[in-house]
Every structure is written in structure tokens, then in C-alpha cells.
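K.L.:
Just so you know, the sequences run in chain order C and W. Heads up: the first sequence begins at 100 in the working numbering, then just goes up one per residue. Heads up: the second sequence begins at 100 in the working numbering, then just goes up one per residue.
Treat the hints as calculated values from the structure; they're not laboratory data. Among the clues, some could well be false.
In this list, chains with the same sequence are indistinguishable; a pair is considered to hold if it fits within one copy or across any two.
What the hints assert, rightly or not - Taking lysine-lysine and the DSS-like style, the derived pairs with C-alpha atoms no more than 30 Å apart in a straight line are: (1) Lys-299 with Lys-372; (2) Lys-292 with Lys-249; (3) Lys-249 with Lys-346; (4) Lys-346 with Lys-372; (5) Lys-292 with Lys-372; (6) Lys-292 with Lys-179; (7) Lys-346 with Lys-178; (8) Lys-178 with Lys-428; (9) Lys-346 with Lys-216; (10) Lys-178 with Lys-292; (11) Lys-346 with Lys-299; (12) Lys-428 with Lys-346; (13) Lys-415 with Lys-346; (14) Lys-372 with Lys-178; (15) Lys-265 with Lys-346; (16) Lys-179 with Lys-372; (17) Lys-265 with Lys-372; (18) Lys-346 with Lys-192.
There are 2 protein chains.
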Amino acid sequence: MRVAVDAMGGDHAPREIIRGVKEGLAHLAPADQLLLYGPQDVLAAECAAVGLSDPRVQHVHCTQAIEMCESPVEALRQKKDSTIGRMAQAAGKGEVDAIISAGNTGAFVAASQLRIKPIPGISRPGIAVVVPTFHGPAIICDVGANVAPKPHHLHEYARMCAVFAKLILGIEETRIGLVSIGEEESKGNVLVKEARNLIKVDPTLNFVGNVEGRDIFAGTGNVFICDGFVGNVILKLTEGLAEGIFKTVRREIAEAAPDFVRQLEPVIANIWKKHDFAEYGGAPLLGINSVVIICHGRSDHRAIMNAIRVSIEFRKVDLIGVIARQMSKHGREDAA
Amino acid sequence: MRVAVDAMGGDHAPREIIRGVKEGLAHLAPADQLLLYGPQDVLAAECAAVGLSDPRVQHVHCTQAIEMCESPVEALRQKKDSTIGRMAQAAGKGEVDAIISAGNTGAFVAASQLRIKPIPGISRPGIAVVVPTFHGPAIICDVGANVAPKPHHLHEYARMCAVFAKLILGIEETRIGLVSIGEEESKGNVLVKEARNLIKVDPTLNFVGNVEGRDIFAGTGNVFICDGFVGNVILKLTEGLAEGIFKTVRREIAEAAPDFVRQLEPVIANIWKKHDFAEYGGAPLLGINSVVIICHGRSDHRAIMNAIRVSIEFRKVDLIGVIARQMSKHGREDAA
Numbered sequence: 100m101r102v103a104v105d106a107m108g109g110d111h112a113p114r115e116i117i118r119g120v121k122e123g124l125a126h127l128a129p130a131d132q133l134l135l136y137g138p139q140d141v142l143a144a145e146c147a148a149v150g151l152s153d154p155r156v157q158h159v160h161c162t163q164a165i166e167m168c169e170s171p172v173e174a175l176r177q178k179k180d181s182t183i184g185r186m187a188q189a190a191g192k193g194e195v196d197a198i199i200s201a202g203n204t205g206a207f208v209a210a211s212q213l214r215i216k217p218i219p220g221i222s223r224p225g226i227a228v229v230v231p232t233f234h235g236p237a238i239i240c241d242v243g244a245n246v247a248p249k250p251h252h253l254h255e256y257a258r259m260c261a262v263f264a265k266l267i268l269g270i271e272e273t274r275i276g277l278v279s280i281g282e283e284e285s286k287g288n289v290l291v292k293e294a295r296n297l298i299k300v301d302p303t304l305n306f307v308g309n310v311e312g313r314d315i316f317a318g319t320g321n322v323f324i325c326d327g328f329v330g331n332v333i334l335k336l337t338e339g340l341a342e343g344i345f346k347t348v349r350r351e352i353a354e355a356a357p358d359f360v361r362q363l364e365p366v367i368a369n370i371w372k373k374h375d376f377a378e379y380g381g382a383p384l385l386g387i388n389s390v391v392i393i394c395h396g397r398s399d400h401r402a403i404m405n406a407i408r409v410s411i412e413f414r415k416v417d418l419i420g421v422i423a424r425q426m427s428k429h430g431r432e433d434a435a
Numbered sequence: 100m101r102v103a104v105d106a107m108g109g110d111h112a113p114r115e116i117i118r119g120v121k122e123g124l125a126h127l128a129p130a131d132q133l134l135l136y137g138p139q140d141v142l143a144a145e146c147a148a149v150g151l152s153d154p155r156v157q158h159v160h161c162t163q164a165i166e167m168c169e170s171p172v173e174a175l176r177q178k179k180d181s182t183i184g185r186m187a188q189a190a191g192k193g194e195v196d197a198i199i200s201a202g203n204t205g206a207f208v209a210a211s212q213l214r215i216k217p218i219p220g221i222s223r224p225g226i227a228v229v230v231p232t233f234h235g236p237a238i239i240c241d242v243g244a245n246v247a248p249k250p251h252h253l254h255e256y257a258r259m260c261a262v263f264a265k266l267i268l269g270i271e272e273t274r275i276g277l278v279s280i281g282e283e284e285s286k287g288n289v290l291v292k293e294a295r296n297l298i299k300v301d302p303t304l305n306f307v308g309n310v311e312g313r314d315i316f317a318g319t320g321n322v323f324i325c326d327g328f329v330g331n332v333i334l335k336l337t338e339g340l341a342e343g344i345f346k347t348v349r350r351e352i353a354e355a356a357p358d359f360v361r362q363l364e365p366v367i368a369n370i371w372k373k374h375d376f377a378e379y380g381g382a383p384l385l386g387i388n389s390v391v392i393i394c395h396g397r398s399d400h401r402a403i404m405n406a407i408r409v410s411i412e413f414r415k416v417d418l419i420g421v422i423a424r425q426m427s428k429h430g431r432e433d434a435a
């Protein structure tokens with residue numbers, strides 16, 4: 100197994116990335132390799148700084164990095180030697196088995212789409228993120244790869260996520276919900292109405308119907324399908340709101356009952372930890388013929404360590420291969 | 100002032116509606132009237148049950164009610180004597196000044212659009228909801244009137260909400276954000292990109308740019324514009340998540356520190372109250388030439404009481420008139 104990590108991607112790169120890599124090595128087998136992409140001098144200095152020295156780690160010199168604010172396609176075209184572009188190229192050629200970046204998501208998605216083959220039967224990849232809910236983990240897909248999907252893209256997301264849920268989260272009974280503005284079939288926009296018609300007749304899927312925003316964390320389903328615009332808003336709203344509520348609760352308790360705060364700190368920290376996104380590592384870009392892990396721009400060392408851990412897990416259970424077989428099986432049934 | 104209330108709309112109708120009306124009477128002047136729409140026998144029985152007897156309350160007999168699950172336009176066509184249809188008709192004729200319902204939102208929006216004139220310059224109305232954030236109240240518009248708006252509809256929402264924020268919430272400096280998936284102009288879908296071009300050049304608006312989901316509760320702006328699908332998901336997700344987090348916090352504290360719970364109950368109740376949607380009453384459907392207040396389907400008596408209170412406030416400050424003048428002023432500037 101060869102895991103490639105973008106040392107230059109994310110708000111806290113390169114330091115937190117290198118720290119995460121150092122911690123992630125614990126998950127690698129002796130024969131595995133970890134390839135760090137970045138400028139050689141930066142890599143050397145940062146590895147020295149955090150004390151990362153391991154024969155399994157190789158440095159891949161790239162002279163450029165794509166910034167968070169750059170236009171994805173333009174940046175990829177202009178920066179021929181970017182970490183993101185080079186990693187996708189290596190994955191496309193089969194030189195690495197998994198690629199991980201906390202950098203510009205749009206550029207990482209575009210590079211993966213351009214330079215790595217799709218899984219046969221998948222027309223557009225989607226980012227599937229695992230979120231902690233009050234009823235166990237759930238998957239939301241897509242959270243930003245494709246802001247203007249077609250109905251059959253949403254259907255493909257549902258099929259891939261059903262495999263993902265079973266294989267990675269160990270969910271035996273997937274319950275797939277389509278994000279809309281009411282349970283009724285008549286509600287929603289054109290995309291949702293047409294996607295619903297495709298998903299509900301698919302015999303391989305356990306479709307629970309349309310779900311509303313309030314259902315996502317209420318256990319109504321464990322796989323939630325939506326377009327990348329809606330999914331991205333859901334994801335970021337959830338992060339911001341959860342953080343805000345926890346801060347508010349802590350502050351108000353501190354004001355009203357200052358004596359309790361010290362004793363309650365570990366309780367609140369524990370609740371927060373259970374619902375912390377960083378614990379789940381990065382999100383896979385599903386539909387691409389390689390393990391592609393997209394990390395949050397704010398990723399710290401734990402998120403990177405977890406991304407390395409899940410990339411190895413994905414490879415071990417052959418997530419991509421199982422999705423491919425599932426898609427081709429369905430293709431044959433369709434043709435029959 | 101004549102306020103019309105749908106006694107049959109909402110999950111807890113008619114009882115909670117009638118209770119809310121009874122409490123709402125405190126906000127009415129002696130010469131004001133409150134018209135209750137519903138079947139005469141139901142109204143009589145419910146008013147007797149809650150002890151509502153006031154010379155300002157009149158009963159308007161309607162034989163039908165539109166159910167929550169019914170298709171809005173079809174239901175309006177078939178049920179000629181529905182509470183919602185009759186209220187909109189009365190508002191269109193100027194027989195009442197404000198209409199309030201916690202019933203089928205789609206039907207209430209459609210009836211208002213069909214039977215009441217739009218404010219000149221507004222092509223489609225939007226539902227503007229006031230949400231409690233950690234930095235004071237903010238407005239989200241649209242939360243479900245129009246799931247497939249055009250860019251100029253979003254521009255109209257921004258203009259109307261700027262008036263609403265100032266007049267009703269007393270916000271002197273409105274900061275308008277356009278909900279997207281990144282701050283950068285290049286991010287978002289086609290709707291957002293085109294709407295941005297209209298909003299950012301409008302000299303009457305203080306546009307802070309694109310905002311992400313996490314900005315909505317973080318004080319980045321106080322007016323957030325989006326399409327009705329996205330806004331509805333945001334609103335319901337927020338409700339569900341906030342409720343879930345508060346429950347979790349309460350439960351975990353109870354488990355970890357049972358002695359504290361009783362003492363903390365009022366603190367948590369107080370935080371919850373500050374962020375409780377019911378405290379803000381219903382949401383106005385902006386762009387219609389009448390005060391139209393849409394209440395949550397789960398409205399209890401407090402929500403109805405607050406809806407009556409805000410409908411009177413809207414009328415007092417002449418919200419509709421000020422929006423109309425603002426729109427016509429802008430129209431002249433455009434033409435000049």
C-alpha cells in the first residue's frame with residue numbers, strides 16, 4: 100500500500116500535516132509506503148522539526164501548491180507541478196493507492212476527475228462525509244464535488260454510499276433518505292423529484308423516502324443524498340451551529356453556576372469529542388478508481404492521522420473494487 | 100386593524116390556535132378585530148373550552164380545511180371553502196389586514212400569490228424567518244416559498260429583507276450575505292453567481308458577500324439570502340440539531356453529574372428559551388400586498404400569540420407600505 104499525502108494543503112499546513120503523518124505511521128504495515136508531496140526543502144525542515152524519520156516515508160518534490168482561494172481548473176492548468184496535480188497523476192498511473200489532501204477541495208476533485216479513471220458506471224464522483232448524529236454515524240453525499248448534478252448522479256451516489264455504509268461503517272441495514280423540504284413526493288425541486296423516481300425503483304436500495312433537514316440528525320436514515328451545494332451548506336452549518344451551541348452552553352453555565360464549570364468541563368469535552376468531525380478523518384471522493392480522501396481545510400494532526408487510517412481501511416476492504424462490482428452487477432441487470 | 104387567524108391549520112389545531120388567540124388579544128386595541136376562520140361548530144366548541152369570549156373576536160364559517168399533506172394548488176382548486184383560501188380572498192379584497200396560518204405552507208403561499216396583489220416591483224414572494232443566532236437575531240429568506248427562484252428573485256428578497264431588518268428588528272446596519280459554498284466569487288451554483296452580480300452592484304444594499312453554512316450563526320451577517328429549498332433545509336436542520344444537542348447535553352450531564360442536573364435545569368431552559376423559534380412568532384411572506392404570517396406546523400399557543408403580536412407590529416410600522424415605497428424608489432433610479 101502506497102499512501103500519498105499533500106504536505107502543503109490546508110489552513111495548518113505543513114506543520115499539522117507532518118504531525119498527522121507521523122502519528123498515522125502507526126497504522127502502516129512494515130512494507131507500506133507513505134509519500135509526502137511538497138517542496139523538498141519544506142519537507143526536510145518540517146520533518147526535522149517534528150522528528151519524523153521513518154524508512155517508509157519518501158519525499159516527492161513538487162515546486163508548487165494550489166492555494167485555497169484559487170480557481171480549481173485554472174490553477175491546475177497553470178501550476179503543472181502542484182502537489183494536488185502530481186498526486187492525482189500518480190494515482191491515475193497506479194503509482195500510489197490512495198491520495199490525501201486538506202487543500203483546495205475543488206482543485207483536488209477536478210484533478211482526480213481529470214487524471215484518474217472513473218469507476219465504470221459512475222458518471223460523476225461525489226464527496227461522502229460521515230457525520231456523527233445522535234443515533235450513530237450517518238453519511239451525507241454529495242457535500243461539494245458537484246453543485247449542479249443530474250438526477251442519475253444522485254442515484255449513483257445512493258448506490259455507492261450503500262456499499263460505503265455497509266463496508267466501512269458496518270451498517271447492515273442502510274436507510275437512504277433523499278434530502279428535500281417535506282416528506283411528500285410532491286415536495287422538492289425538479290432534481291429531487293426526478294432523482295426520487297430513479298432511487299425508489301432500484302431494488303438494491305433501501306429507500307426511506309424524502310427527508311427534511313430536521314431528520315438528518317434524528318435517526319430517520321443513515322445515508323442522506325443531496326446535491327453538492329445543499330450538502331455543503333448542511334455540513335458547514337452543522338459544524339458552525341454545534342460549535343456555537345457548545346460555546347454558549349459552556350459560557351452560560353459558567354455565568355449561572357461558576358462552581359460547576361470545572362467539574363462539568365470533562366463532561367462537555369466528552370460530548371464534544373463524540374460529535375467531533377476530526378475523529379472521523381477525511382471524506383472519500385466516491386466514484387473515482389482510487390482511494391481519494393478529502394480533508395477539511397481546518398484539519399489538524401488528528402484529522403490527517405485519521406485520514407491515513409481510513410485510507411488504509413478502505414484499501415483493506417477493497418471499497419473501490421466492491422463498488423465497481425456492485426455497479427457492474429446493476430448494469431447487467433439493467434441491460435437484461 | 101383586522102387580523103384573520105386560521106383555526107384549523109397546524110399539528111395542534113384547533114386547540115392551541117384558539118389558546119394562542121386568547122393570549123394574543125392582549126395585543127389588540129379596543130377597536131381592533133380578530134377573525135377566526137373555521138367550521139362554526141368547531142370554533143364555538145373550542146372557544147367555549149378555552150374560555151375565549153371577547154366582543155372583538157368574530158367567527159367566519161368555512162366548511163373545509165386543507166390538510167398538511169395535500170398538494171397545494173390542487174387542494175386550493177378543489178376546496179373552494181377552505182380556511183386558507185377564504186382568508187387570502189378576504190385579504191385580497193382588503194376586508195382583513197393580516198392573515199395568519201400554521202397550516203399547509205405551500206397552500207398558504209399559493210393562495211396568497213393567487214388572491215392578493217404583489218407589491219409592485221416584486222415578482223415572487225419569499226418567506227423571511229427570524230432566527231436566533233449567537234450574535235442576535237438574523238433573517239433567512241427564502242425558507243420555502245420558491246424552490247426554483249431566478250437570480251432577480253434573490254435580489255428582491257435582499258431588498259425586502261433590508262427593510263424588514265431595519266423596521267422590525269431595529270437593525271441599523273444590515274449586513275447581507277448570499278448563502279453559498281465558499282466566500283470566493285467563483286464558488287457556488289449558477290443561481291448564486293448571477294444573483295451575486297445583481298446584489299453587489301445595488302447601492303441600497305450593504306452586501307458582505309458570499310457566506311458559508313457556518314457563517315449563518317457566527318455573526319458574519321444578519322440577513323441571509325438563498326433559494327427556498329436551501330433555506331428550508333437550513334431552517335429545519337437548525338431546529339433539529341439544536342434540539343438534539345440540548346437533549347444530549349442534558350442527558351450526558353444527568354449521567355455524569357446527577358446532583359447538578361436539578362440546579363442546571365433553569366440554566367439550560369434559559370439558553371433554550373433564548374434560541375427558541377416559537378418566541379419569534381411566525382414568518383412573514385414578503386412581497387405580497389398584505390401582512391401574511393406563516394407559522395410553523397408545530398406551533399403551540401405561544402407561537403400563535405406571537406404571530407398575532409408581530410402582525411400588529413408589522414401593520415403599525417407599515418412594513419408593506421415602506422417596502423413598496425423602497426421598491427418604487429429603486430425602480431425610478433433604475434429607469435433614470
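K.L.:
Are the hints correct? Go through all of them and say.
P.N.:
Verification of the supplied hints:
| no. | hint | result |
| --- | --- | --- |
| 1 | Lys-299 with Lys-372 | neither (36 Å within a copy, 40 Å between copies) |
| 2 | Lys-292 with Lys-249 | both (11 Å within a copy, 19 Å between copies) |
| 3 | Lys-249 with Lys-346 | neither (39 Å within a copy, 38 Å between copies) |
| 4 | Lys-346 with Lys-372 | both (14 Å within a copy, 16 Å between copies) |
| 5 | Lys-292 with Lys-372 | neither (37 Å within a copy, 37 Å between copies) |
| 6 | Lys-292 with Lys-179 | between (41 Å within a copy, 28 Å between copies) |
| 7 | Lys-346 with Lys-178 | neither (41 Å within a copy, 49 Å between copies) |
| 8 | Lys-178 with Lys-428 | neither (40 Å within a copy, 49 Å between copies) |
| 9 | Lys-346 with Lys-216 | neither (44 Å within a copy, 45 Å between copies) |
| 10 | Lys-178 with Lys-292 | between (40 Å within a copy, 25 Å between copies) |
| 11 | Lys-346 with Lys-299 | neither (41 Å within a copy, 33 Å between copies) |
| 12 | Lys-428 with Lys-346 | neither (49 Å within a copy, 43 Å between copies) |
| 13 | Lys-415 with Lys-346 | neither (39 Å within a copy, 38 Å between copies) |
| 14 | Lys-372 with Lys-178 | neither (38 Å within a copy, 52 Å between copies) |
| 15 | Lys-265 with Lys-346 | between (34 Å within a copy, 28 Å between copies) |
| 16 | Lys-179 with Lys-372 | neither (40 Å within a copy, 55 Å between copies) |
| 17 | Lys-265 with Lys-372 | within (24 Å within a copy, 40 Å between copies) |
| 18 | Lys-346 with Lys-192 | neither (47 Å within a copy, 50 Å between copies) |
Of the numbered hints given earlier, the model fails hints 1, 3, 5, 7, 8, 9, 11, 12, 13, 14, 16, 18; all others are met.
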